[in-house]
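Engineer: Sequence:
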Amino acid sequence: MVRPAPERRGRTVVHDAMCRHAAGGGTELGTLEAVDALMRDGARACTDCDASAVLIPALELGQEHG
-5 MVRPAPERRG RTVVHDAMCR HAAGGGTELG TLEAVDALMR DGARACTDCD
45 ASAVLIPALE LGQEHG
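Going by the working numbering, the residue at position 56 of the sequence shown is 50; the numbering climbs one at a time, nothing skipped.
I should point out that these hints are in silico values taken from the structure, not numbers from a laboratory.
Owing to the predicted nature of the structure, the values given are computational and were not obtained by experimental measurement.
Don't be surprised by glycine CBs; every beta carbon is placed ideally from N, CA and C.
Hints are not guaranteed to be accurate.
Restraint ranges, calculated between C-beta atoms of paired labels, are given here [what the hints assert, rightly or not]:
# : residue 1 : residue 2 : range
1 : Arg3      : Leu55     : 27 to 33 Å
2 : Ala11     : Met33     : 16 to 22 Å
3 : Leu55     : Gly18     : 30 to 36 Å
4 : Thr21     : Asp42     : 14 to 20 Å
Let the hints inform the model, and build the full structure from the sequences given.
Structural biologist: Rendered as structure tokens:
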């Protein structure tokens, strides 16, 4: 899930679909779409759920082969 960041306008946070911070709306994404969303300016992965643990290594792996 991707949702607007609560602390700053124009930024987004990518969450695992089961994250408590993803409740109440947002856009559901597949894994590759979530990695793409993290590549955008102002995006970050939630550190309270598996999004950071799963997606950041995938993002870094892609950058090694780019």
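Engineer: Please go over all the hints and tell whether each is borne out by the structure.
Structural biologist: Now for the hints, and whether the structure bears them out:
1. For the hinted restraint 27 to 33 Å between Arg3 and Leu55, the CB-CB distance of approximately 31 Å keeps it satisfied.
2. Distance hint check for Ala11 and Met33: the Cβ-Cβ separation is about 20 Å, which falls inside the suggested range of 16 to 22 Å.
3. A C-beta distance of roughly 31 Å is found between Leu55 and Gly18, which places it inside the suggested range of 30 to 36 Å.
4. Thr21 and Asp42 have their C-beta atoms about 19 Å apart, which keeps the hinted 14 to 20 Å range intact.
Comparing the model with each earlier hint shows no violations; every hint is respected.
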